[in-house]
Amino acid sequence: DGIFYPIDLAIDKNGTMFICDYGNSRVIRWPRGASNGETFISNISCAGLMIQSNQFLYVTDFREHRVTRWHIGTNRIGEIVAGGHGQGSDFNQLNEPYYSFIDKDRSVFVADHLNNRIMKWIENAQEGILIAGGNESGSEMNQLSIPTSVVVDQMGSIYVTDTSNNRVIRYLKGSKEGIVIVGGVESGNGSDQLTEPFDLSFDRHGNLYVVDLANYRVQMFKIDKSECEKFHS
Numbered sequence: 007d008g009i010f011y012p013i014d015l016a017i018d019k020n021g022t023m024f025i026c027d028y029g030n031s032r033v034i035r036w037p038r039g040a041s042n043g044e045t046f047i048s049n050i051s052c053a054g055l056m057i058q059s060n061q062f063l064y065v066t067d068f069r070e071h072r073v074t075r076w077h078i079g080t081n082r083i084g085e086i087v088a089g090g091h092g093q094g095s096d097f098n099q100l101n102e103p104y105y106s107f108i109d110k111d112r113s114v115f116v117a118d119h120l121n122n123r124i125m126k127w128i129e130n131a132q133e134g135i136l137i138a139g140g141n142e143s144g145s146e147m148n149q150l151s152i153p154t155s156v157v158v159d160q161m162g163s164i165y166v167t168d169t170s171n172n173r174v175i176r177y178l179k180g181s182k183e184g185i186v187i188v189g190g191v192e193s194g195n196g197s198d199q200l201t202e203p204f205d206l207s208f209d210r211h212g213n214l215y216v217v218d219l220a221n222y223r224v225q226m227f228k229i230d231k232s233e234c235e236k237f238h239s
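With the working numbering, letter number 227 in the sequence shown gets 233, and the count goes up by one each step, no holes.
Simulated from the structure, these hints should not be mistaken for laboratory data. Where a beta carbon is used, it is the ideal one built from N, C-alpha and C, also for glycine. Watch out, some of these pointers could steer you wrong.
[Said to hold, decoys possible] Cut-off 27 angstroms, straight-line C-alpha distance, at most; resulting in silico cross-link-like pairs (DSS-like, lysine-lysine):
id	residue 1	residue 2
1	Lys179	Lys110
2	Lys126	Lys110
3	Lys228	Lys110
4	Lys228	Lys179
5	Lys126	Lys179
6	Lys110	Lys182
7	Lys110	Lys19
8	Lys228	Lys182
9	Lys126	Lys182
[Stated by the list, open to error] Simulated restraints on C-beta separations:
id	residue 1	residue 2	range
10	Gly180	Phe208	12 to 22 angstroms
11	Glu146	Thr45	39 to 49 angstroms
12	Ile135	Ala40	33 to 43 angstroms
13	Met23	Asn49	13 to 23 angstroms
Produce the entire structure from the sequences given, and follow the hints as far as they go.
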């Protein structure tokens, strides 16, 4: 079978790829050097993947409003680690979540995009903790509008693609008000502008890469120097 509308992938230490085959409602496992992949998880609306400690695969299940964890070995029984109580805005619920981030303590940070908030679920918790947003959709520093991705750095600062506000926001650890570090004035294709930023990631040098979706490019931002350069388009 072919892959239809892949939207994320994760690679383990052995070079095995796990692919979000969103259009076919499955996750594919593709071993390094193999000519074909195999279905690892079926009947799942995968919207994001992350591998933790080369042991667990975390999958954001968009339509079921939850994040599940799967052992990369032979055990393919998933467990719910965030959400799973239907669609809603209570702290034990999510509303069409997109990408998630797993920290070293196995806490799950979720871009709860239709609730316009970032939630944190400590391992084995029954409900999440509001980290950012959650004050209705808006552009104030304590608001988000359709957040799609979240990353946490080693200092505990949280970075969010605030998609409908065309900006990336950084929240210092413990703060409920963010700081715009990229974009946020108006959409556009300048090197300091974004149009519907959708995902983000850091490299080992601390550079921030942002998927600038509607501009069909990836931009690299040197956070400390507040400089930006076009990385790919």
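Here's how the hints hold up against the structure:
1. Lys179 x Lys110: It holds: about 16 angstroms lies between the C-alpha atoms, which stays within 27 angstroms.
2. Lys126 x Lys110: 13 angstroms, holds
3. Lys228 x Lys110: 24 angstroms, holds
4. Lys228 x Lys179: Judged against 27 angstroms, a Cα distance of about 20 angstroms means the pair holds.
5. Lys126 x Lys179: With Cα atoms ~13 angstroms apart, Lys126 and Lys179 stay inside 27 angstroms; holds.
6. Lys110 x Lys182: 22 angstroms, holds
7. Lys110 x Lys19: 16 angstroms, holds
8. Lys228 x Lys182: Measuring from Cα to Cα gives roughly 24 angstroms; hence the hint holds.
9. Lys126 x Lys182: 13 angstroms, holds
10. Gly180 x Phe208: 12 to 22 angstroms: Check passed, 20 angstroms falls within 12 to 22 angstroms.
11. Glu146 x Thr45: 39 to 49 angstroms: Since Glu146 and Thr45 have Cβ atoms about 44 angstroms apart, the given range 39 to 49 angstroms holds.
12. Ile135 x Ala40: 33 to 43 angstroms: For Ile135 and Ala40 the Cβ distance comes to about 40 angstroms; the hint holds.
13. Met23 x Asn49: 13 to 23 angstroms: Once the Cβ atoms are compared, 20 angstroms apart, the range 13 to 23 angstroms for Asn49 and Met23 holds.
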